[in-house]
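Colleague: Using the hints provided, position chain W relative to the given structure of chain D.
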Amino acid sequence: MRLTDFGMDTITLAGPLEAKLRAIRAAGFTQVMLSARDVVGHPDGEPAAVAAVRASGLRVTGFQVLRDFEGLSGHLHEYKIDVAKSMLQLAHALGAPVLLVCSSTSTHATGEIESVVADLRKLATLAVPLRVRVAYEALSWGRHAHQLAHAWSIVERAGHANLGLCVDSFHTLANEGAIDTLDIVDPAKVFLAQLSDFLWQRIHSREERIETARHLRVFPGEGVHNDLVAELVRRLQRRGYAGDYSFEVFNDDYGQMPLASVCERAMRSVNWIAGRLARRSLPVLREG
Amino acid sequence: MTVSERNPTPSNRLGLDGLEFVEFTTTQPLVLGALLEKMGFRAVARHRSREVLLYRQGGMNLVVNAHPGVVRAAAGDEPVTAVGAMAFRVADAGEAHRQTVALGAWDLPSRAAAMELIIPGIRGAGDSHIYFVDRHRDFSIYDVDFTPIVGADPHPPALAGLHYFGLVQTAFPERTAAWLEFYQSLFGFTVLPSGQFFGVVNKGVLLESPCRKFFLQLIEPPDDSGDVAWEEGLLRIGLGTATVPAAIVALQARGIVFVDRGPIRSTDRGALTQLYPGGVSFELVHSELGA
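Line by line, the protein sequences give chains D and W.
For the first sequence, this note's numbering begins at 1 and goes up steadily by one.
For the second sequence, this note's numbering begins at 1 and goes up steadily by one.
Next comes chain D alone, as it looks inside the complex (with noise of 0.2 Å):
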């Protein structure tokens, strides 16, 4: 694995885009996962939030999240997909190469296999034209998709060459979920790979797992699971996956620090991973 293999993510950085693009790049990192508030939120507006992104030679690694999309149908259905349309504009806008999009939560989202696939077949056509991938991915809460295994049974499903699956530590982690899953993955269908831990063993609920995801997270070497998190990456390498990782890590302390402290942090556990990845598969020396 290389430095250029992974994405700092504007999430876990406070401050205006351009601050955050500044300290991502002076890093060392290559690329950036962005998020539509970095965009649509910017004082001067989209065009110049675009202009920042291309300005900062970072390559852009993906953009997020289309939220409660599957499952839904009329009026409903209709609102979505002009949110995504307007998701997808803008990760074209920005040149970014994949949008994420959690599995519903939604309590008016029917879990029903075929209209899931049906309305992600839809996102993914939408796409198309765009140069835009769509990555799902299973939220830990999500409402029928929750499990690594689910969204790759549903990316599998589709069969469609513009959709494919992001794998997310924290997720397959905070849900006891089995890495084993990512045996059966077809790993050109990974699209996206996000890392994040978190400070203690085990969640208890589905309340405790929402907070912790969206306030508690910590990079990789940071947490309690760093053998999960590091078999997770194995795996997907030994699988082939050649794809992007980014740090998907939301956590309110980080927040609150010098932009170029997290980005060290975040630094310190890209040379963890490489670390940990590289120990494991030197070759065996065998006597004689």
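It is worth saying that the hints were derived from the structure and are not from the lab.
Here a beta-carbon is modelled for each residue, glycine too, at the ideal position from N, C-alpha and C.
Some hints here could point you the wrong way.
Unchecked claim - Heads up, incomplete: computed chain W residues facing chain D, CB under 10 Å, no partners named:
| # | residue |
| --- | --- |
| 1 | A102 |
| 2 | G104 |
| 3 | A105 |
| 4 | W106 |
| 5 | G126 |
| 6 | R135 |
| 7 | A178 |
| 8 | E181 |
| 9 | F182 |
| 10 | S185 |
| 11 | L235 |
| 12 | D260 |
| 13 | R261 |
| 14 | T267 |
Modeller: Okay, now just chain W, sitting in the frame of chain D:
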């Protein structure tokens, strides 16, 4: 109209029935018009409200759209010509539009002025559009929006039996699969087996329309393309003829130059014209589709 025309087969849900027209967008309509005339097309009608001319040759309708604002400006006022749209004949244009939008196509805002036909369309590759036309039997869409050019033969014959064979679309690297999915899921195109080609430009992947009347060829940039600017869009049209050598002779006599070097040489299977100003070229392909 027969029952079967209104009830498309399962593999042809939209009732596709060939290409109604191909549109070029250009900042140089006179230069492009002169080239089209050399290729055997004749200007037959003028749009009522827009800077648009209709050219025709045999069964091929070709629209040249030079209306201000339709062509994306190039750097340094370079002349720009592009294949801006392809129009599919379908059983019911409104229904085709509704179905494709429901499956994930981008709707296009109508450009029709008062008393003009609304031709429903969706977004295609790059800046190009895909239109749906269903009025190709009862009456012509051109009767409504166009006025005939005085003295012009409204139905000029085809040179050497030329007819639309298909279009070539460019795709960014590793994007062919996504575009195959686009054409398969929205319209029911079929991917031809790897290595099956027509003509002389044997690369990329071929898709056959569900009506089996035309083809799309998807090509990615060659590995050695280096810094060559590559965009997604419709690159050129392919013209079919049952007699490629006769078509070459007839077109050469009109001043058309064919590429004859390297891997691209004129044969009985096909030929490729040189690149004309604005980046326009035409491909000839052996085909019995016009019979």
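Colleague: Now look at each hint and say whether the structure bears it out.
Modeller: We went through each hint and held it up to the structure:
no. : hint : in the structure
1   : A102 : holds, 8 Å
2   : G104 : holds, 3 Å
3   : A105 : holds, 7 Å
4   : W106 : holds, 7 Å
5   : G126 : holds, 8 Å
6   : R135 : violated, 27 Å
7   : A178 : holds, 4 Å
8   : E181 : holds, 4 Å
9   : F182 : holds, 5 Å
10  : S185 : holds, 6 Å
11  : L235 : violated, 16 Å
12  : D260 : violated, 35 Å
13  : R261 : violated, 33 Å
14  : T267 : violated, 34 Å
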